[in-house]
Amino acid sequence: MKSVNLYIWAACLFAAQFSYAQFDNLQLGTVTGNIESTFQYYQPDSVINAQVPPEKGALNSFANINYRNSFFKAGVRFESYLPVLLGYPQRFKGSGLGYRYAGYSSKSLEVTVGNFYDQFGSGMVFRSFEERQLGIDNAMDGVHLKYRPYKGIELTGLIGKQRFEFDSRLVDGQGIVRGINGEVDFRSLFPVLDSIGLQITAGGSFVSKFQKDQNTQLVLPENVAAYSGRLKVDYKDFFISGEYVLKENDPSQDNGYIYKNGYGVLINAGYSQKGFGILFQAKSIDNMSFRSDRSAGLTDLQVNFLPALTKTHTYNLAATLYPYATIPNGEIAYQTDVMYTIPKGSLIGGKYGTKINMNFSTAYDIKRNTIENDSFLRGYSSTPFGMNSDSLFFRDFNIEISRKFNKKLFVNLVYYNQAFNASANIVAQTLGYIYTNIAVVDVTYKLSKKHSLRGELQGLWTKQDKGDWATIVLEYTISPHWTFGFIDQWNYGNDLLAQRVHYLLGSFSYITGSTRFMLNVGKQRAGIFCVGGICRQVPASNGFTFSFTHSF
Amino acid sequence: MKYSIFYLLAIVVAFGSCDRVENPIPGDAANYDVTLFPGNYATAYSYPTFGSNSNNNINVLIEDYTGHQCGNCPAGAIAAKGVENANPGRVFVVSEHAGFGGISQYQRIHTPNEPEYPKYGRNFTNEAGLTYATAITGILGNPYGMINRKPVAGSSSASLWIPYGQWQTNAENILLQNNLRANIQMAVNYYDETDALFVHIEAESKTTLTGNYNLVVYAIAKDVVDWQKNYAVFPNDVEFYHHHNVHIGNVNGTWGDPVFLGEIASGAKVRKDYTYKIKENFKDLEYAVIAYLMNADTYEILQVIMVEP
Chain S
7 MKSVNLYIWA ACLFAAQFSY AQFDNLQLGT VTGNIESTFQ YYQPDSVINA QVPPEKGALN
67 SFANINYRNS FFKAGVRFES YLPVLLGYPQ RFKGSGLGYR YAGYSSKSLE VTVGNFYDQF
127 GSGMVFRSFE ERQLGIDNAM DGVHLKYRPY KGIELTGLIG KQRFEFDSRL VDGQGIVRGI
187 NGEVDFRSLF PVLDSIGLQI TAGGSFVSKF QKDQNTQLVL PENVAAYSGR LKVDYKDFFI
247 SGEYVLKEND PSQDNGYIYK NGYGVLINAG YSQKGFGILF QAKSIDNMSF RSDRSAGLTD
307 LQVNFLPALT KTHTYNLAAT LYPYATIPNG EIAYQTDVMY TIPKGSLIGG KYGTKINMNF
367 STAYDIKRNT IENDSFLRGY SSTPFGMNSD SLFFRDFNIE ISRKFNKKLF VNLVYYNQAF
427 NASANIVAQT LGYIYTNIAV VDVTYKLSKK HSLRGELQGL WTKQDKGDWA TIVLEYTISP
487 HWTFGFIDQW NYGNDLLAQR VHYLLGSFSY ITGSTRFMLN VGKQRAGIFC VGGICRQVPA
547 SNGFTFSFTH SF
Chain L
-9 MKYSIFYLLA IVVAFGSCDR VENPIPGDAA NYDVTLFPGN YATAYSYPTF GSNSNNNINV
51 LIEDYTGHQC GNCPAGAIAA KGVENANPGR VFVVSEHAGF GGISQYQRIH TPNEPEYPKY
111 GRNFTNEAGL TYATAITGIL GNPYGMINRK PVAGSSSASL WIPYGQWQTN AENILLQNNL
171 RANIQMAVNY YDETDALFVH IEAESKTTLT GNYNLVVYAI AKDVVDWQKN YAVFPNDVEF
231 YHHHNVHIGN VNGTWGDPVF LGEIASGAKV RKDYTYKIKE NFKDLEYAVI AYLMNADTYE
291 ILQVIMVEP
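Going down the list, the sequences are from chains S and L. The numbers in the numbering used here rise by one with no breaks, and the one at position 278 of the first sequence is 284. The numbers in the numbering used here rise by one with no breaks, and the one at position 85 of the second sequence is 75.
Worth flagging that the hints you see were computed from the coordinates, not collected in a lab. Please note that the accuracy of each hint is not assured.
Below, a sample of chain S positions facing chain L; criterion: calculated Cβ distance under 7 Å [unchecked claim]:
| hint | residue |
| --- | --- |
| 1 | E254 |
| 2 | Y265 |
| 3 | N379 |
| 4 | L383 |
For glycine and all other residues, C-beta sits at the position ideal for the given N, C-alpha and C.
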């Protein structure tokens, strides 16, 4: 009923306010979309503690259908969780519409009613997004306006609730989120800047959430606001950008119901030219968990997004055993990334050149100063970039060298040295620090024009947690349709002999046009899956997974 | 164009401003210090809520004005305890160490430079009790007391002070009449890490009340073993005397907090939250809290309850 009302309202809105628009010559319009279905069949395995739901099989399925005709746009996403795959939020169940919208879009104005995604600045003040692999979808459900009154100026206003559950239909959280954002591109306003290689953009945001105070013990702020200002300057090969966010008192489950203001600072600076690039990033956040429901946890109902200043690793052991997730209650992080290409034709660079990428990132806890007689529950005081040097959260140094030796052989070598505070990020079976060395050899050999073989050999060495690991990956590709893969992850250094398990997984995929079929058979170890500093616990499983994707 | 601007502005206007909460604790922060909670108050403290109060009985407070150097006072204490034991949950005794003029010879404390010290060295008095003894006129000495601060029924005297021999009769009269005009609910938590009492009270009018009514809350040490003069035994100086329900201080000031003013309809409720830090000379004991609703003009106690943590 709610969704029906929404569409009636949307129809009235368009009829009343946009009747002047040129809908007289409507064509059939265009329909685009995509379908993604993943079915997993589970089998028990007591050694790896693989879980099996009562249904033994589970399905996550999504189908996006978008329609556009002239200025009009509309779309839906049909979702099925029958039942939801293990590791995803278990409150996703049934089949129905999980996302629907209608809107109007012209050069100067965009209006959307229903569901929408958006982001202000870096996202530290507001980000509505879907990360399907993590089970995150905090889509807004309300009204969204984007208005460009003049070239180079863009204003955005939005109001709505956030998606929380799916029970054969979209179920929103309690809170209401309101926001405005302004962006100014000075190069568009003053073209002379372009001629001297200078580009300046500035922006500001205001976001407020409302949630009723039903607490008898505390006087909770029902309206919590956050503000941000940002500036980016590009000059020829250099750039520097910064954003500062201030969040007003926001007592919540995350921060232990303290009334301290939160803040976030993010600074990026870089230089790049052909064959060389350097990036420096610094971040200081404190008490920046911002949710539309103050009692929510995990990845639920987050209004903002706090980027992690770490390199996103792709190799299995580096990416999934001890990945770092942003700690919203407070962290100070730095990252430097250097890329250099040894010129091709040189003695060291070889015929095709050699790429070197060095990355160093680290994160620490903030320094919290005690407040004596804190009868107003401020919690503590802190200053931006005031860190507690004894409280390393994470450190990662890695170097990657990739080189194409000839038309058939490509080699990628990576070394990682990491220190991971398992007490801060609870992902391991131990607390305290885990120190790891990881090495990866990735070789691709092109057997013929259409046939190639790729092999990975990975090793992780640590004296903590589950000890040493090795991974071997073999992937045979017959372009453009077929890929056959095999992966063995072996926890050969586990102190418990019974846990020195081989996690064997075979895979096959077939691609034709925009359609892809994929089958995985074998064991998947329990671990953490992270995207952009947000992580999801993946339970151990044994069985097979079939997935299908298609876009149109 | 004008419509889009309109909508944008409408959204801006629709924004609630941010609610900046200076004091997150409901009620009077001056009397409720959350720093006395040993832990994260916001997440770990169990803040009680009160349901409907089904009590239909009036209770009685016997204020036994006594002194540790008063040899006749143990007889009064025995009389008060007897009434309390005979009416469990309905009659509560509070031992108030105060006398004529506030502090008389019977409440005198030996200081460390006196040869008798530490005998009678503990200061049993408290500011509120001493004030009552002078403000509520008529106390003649010790032991003397008040029974819900009502004069003797049928007496021509308006004095609230009653000799201990009449305490039982007056208490039983009040119980018999059972004229309940107000109810009180209370929850108490005690934390020995900080020597603090957290007190939560709901007062409710059971009939239409006219006048000014105060909620008064006492911190009570249930059993204090110390010197007491007792003429009923020999030697008269008893070292390990059990002082029962000693009033050690007021949680919310001498005369409490005004909660009902003017004409109050039946069923009106007031909630109050307090903290109390146990004083140095009464630490490491067992405690209780007595709360009563008092007519601020006549001192009459309409209802009283006692709760232990």
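Legend entry - Non-conforming hints, listed in increasing numerical order: Structure breaks no hint.
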